[in-house]
Amino acid sequence: MTTLATTNNNEIKSIENITSLPNSVLLSQGAEAKTYKIDLYGIKCIVKERFVKAYRHPTLDQKISGKRILQEVRSLNKCKKNGIDVPALLLVDVPSNRIYMEYIDGITVKQYLYNCFDQSKETSTTTTQTQTEAHQQQIDICAEIGKQIARIHDLNIVHGDLTTSNMLLRNNSKSNIVFIDFGLSYTSTMTEDKAVDMYVLERAFISTHPNSELLFKEILDSYQKNSPSPKVAKAILDKLDQVRLRGRKKLAFG
Amino acid sequence: MKTYPIVLYPGYEITILLYKDVLNTKDIMTELLKGQLEWAIINCKPIINHQQLLLAATKAVATLATGKLTTNNIHTELIFRLSPNTNIRESLKNFGLQNEDKEFYIVLFNGKQEKFDQIKSMVQGEQIDQSSHSLDTLNPFFDKELSRKLYGINDKELKATNEDIDLLKNSIFNTMAIKGLL
Ligand SMILES: Nc1ncnc2c1ncn2[C@@H]1O[C@H](COP(=O)(O)OP(=O)(O)O)[C@@H](O)[C@H]1O
Ligand SMILES: [Mg+2]
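Just so you know, the protein sequences line up as chains Y and F, in that order.
All residue numbers for the first sequence refer to our numbering, where the first residue is 9 and numbers rise by one.
All residue numbers for the second sequence refer to our numbering, where the first residue is 35 and numbers rise by one.
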């Protein structure tokens with residue numbers, strides 16, 4: 009029996025297992041969350057479900073993941089309200105640690121860059137023209153990445169996990185970058201925090217896309233050139249130089 | 035009349051009716067204010083499609099599950115959940131029934147024939163045939179400007195020149211979802 013009364017609601021529970029919904033698929037299982045694709049009232053929807061870590065205290069854990077969910081949805085909302093393309097929120101279920109959001113149809117920037125690299129390689133079937141085009145596409149997308157991150161930082165949002173896997177291309181179009189995975193994001197006005205954000209991206213970028221130092225430079229150039237506050241962006245990139253140095257020392261001296 | 039299950043909460047469903055040319059809204063208001071009605075009467079102008087009602091209904095049941103309804107019953111909670119505003123009176127004013135309304139939605143949770151009959155005898159107006167409507171069919175009474183105003187959706191969010199209805203729809207859903215979490 010279902011109840012509409014406002015008392016004795018212990019029996020009302022959201023479905024335990026997302027995969028019991030029709031047309032649901034598990035897309036990815038990360039270190040902290042599972043991501044599913046479902047159909048929600050005819051809307052293509054992503055469910056991101058953070059799981060409770062068994063080794064931590066359960067109520068403490070609930071509080072920590074509750075906080076993380078709030079950070080994630082607040083950052084998504086702030087981006088969206090400011091015209092930065094991110095998935096729209098559909099439902100936020102804090103007790104179940106679930107975020108329901110718009111499914112973005114399109115490949116990751118990582119995949120896009122891989123495809124370009126394949127085309128830019130010399131093979132018997134590629135022509136010089138496709139090589140040049142593929143190279144230009146890489147440059148274009150890097151310029152777009154830099155520009156959009158500058159806008160995000162201008163809102164004092166630090167993403168926390170900038171990688172080319174956390175950027176999707178709406179309709180596979182290189183001019184429609186959608187940022188996802190704001191689970192580690194936070195609000196900060198500090199130059200240092202934003203510089204570290206860029207450093208995280210740099211490390212991830214260079215290791216995911218070998219020999220891409222010049223492409224990464226395109227991201228940085230565009231970050232500064234297209235920033236709503238170029239002077240601030242310049243200061244952040246100067247800081248990035250220091251952060252790199254520190255990173256290297258850390259590596260050298262443990 | 036359309037009935038949909040609330041998929042995330044098995045056992046719950048809503049039925050959506052849409053009325054136009056209603057002649058006795060004032061009488062209905064009187065009944066409504068007595069707090070006797072077992073359904074929600076909803077201003078249809080800021081509602082883009084049935085998906086919007088379903089998302090708000092899901093949130094209303096989710097709130098019921100926590101035992102912390104903000105309002106006094108699930109039907110008022112539905113109206114409250116449609117509104118981006120955390121003020122109950124404002125929410126009911128903008129998303130509930132007003133004296134001068136001639137068209138509106140009626141939404142019931144787990145409705146039964148007896149209640150449908152009561153609604154039929156209560157409303158002097160024309161029930162719109164929604165049998166061909168799907169989940170994302172645009173509500174014929176949708177008022178884009180009003181919706182943008184109520185949900186505070188600016189040009190920046192809609193990327194200024196883009197008039198795409200999908201963008202507006204997403205912004206509405208997003209604004210409902212973030213309610214109370216900022
Ligand atoms: N809104 C979305 N639309 C489409 N795919 C998504 C969306 N959100 C996540 N994904 C897919 O699920 C994967 C994991 O999601 P993500 O938010 O990055 O979680 P994690 O913290 O596990 O990396 C992404 O790499 C992407 O492929
Ligand atoms: Mg990720």
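Just so you know, not all the hints are guaranteed correct.
DMTMM-like mimics (lysine to aspartate or glutamate), calculated; alpha carbons at most 25 Å apart, straight line [as the list claims (entries may be wrong)]: (1) Y:Lys89 with F:Glu72; (2) Y:Lys182 with F:Asp170; (3) Y:Lys52 with F:Glu124; (4) Y:Lys155 with F:Asp189; (5) Y:Lys45 with F:Asp189; (6) Y:Lys89 with F:Glu47; (7) Y:Lys52 with F:Glu47; (8) Y:Lys89 with F:Asp61; (9) F:Lys203 with F:Glu137; (10) F:Lys203 with Y:Asp93; (11) Y:Lys21 with F:Glu72; (12) F:Lys203 with Y:Asp148; (13) F:Lys190 with Y:Glu200; (14) F:Lys36 with F:Asp189; (15) F:Lys213 with Y:Asp101; (16) F:Lys193 with Y:Asp148.
Hint data in this document are derived by calculation from the structure and do not stem from the laboratory.
Point to revise | Pair hint Y:Lys155 and F:Asp189, alpha-carbon separation not exceeding 25 Å | key: Roughly 20 Å between the alpha carbons, so the hint for Y:Lys155 and F:Asp189 holds.
Practice item. Below or equal to 25 Å on CA atoms is what counts here, so check Y:Lys89 against F:Asp61. Key: Roughly 40 Å separates the two Cα atoms, so the pair is violated.
Review point. Is the hinted pair Y:Lys89 and F:Glu47 satisfied, with a Cα-Cα distance of at most 25 Å?
Key: violated (32 Å)
Exercise for review: Given the hint that Y:Lys52 pairs with F:Glu124, test it: the Cα-Cα distance must not exceed 25 Å.
Suggested key: At roughly 32 Å apart (the allowed maximum being 25 Å), F:Glu124 and Y:Lys52 break the hint.
Review point. Does F:Glu47 lie within 25 Å of Y:Lys52 when you go C-alpha to C-alpha?
Key: holds (20 Å)
Check your understanding: Are Y:Lys89 and F:Glu72 close enough, with their CA atoms no more than 25 Å apart?
Key -> violated (36 Å)
Check your understanding: Is Y:Lys21 close enough to F:Glu72, meaning Cα to Cα at most 25 Å?
Key -> holds (23 Å)
Check your understanding: Does the structure keep Y:Lys182 and F:Asp170 at a Cα separation of 25 Å or less?
Key -> With Cα atoms ~28 Å apart, Y:Lys182 and F:Asp170 exceed 25 Å; violated.
Check your understanding: Taking 25 Å as the top limit, are the C-alpha atoms of F:Lys203 and Y:Asp93 close enough?
Key -> holds (14 Å)
Check your understanding: Given the hinted pair F:Lys213 and Y:Asp101, is their alpha-carbon gap at most 25 Å?
Key -> holds (12 Å)
**Study point:** Given pair status - Y:Glu200, F:Lys190, alpha carbons within 25 Å
**Key:** violated (28 Å)
Check your understanding: Given the proposed pairing of F:Lys193 with Y:Asp148, does the C-alpha separation stay at or below 25 Å?
Key -> holds (20 Å)
In summary, the structure is inconsistent with hints 1, 2, 3, 5, 6, 8, 12, 13 and 14 from the numbered list given earlier, while agreeing with the others.
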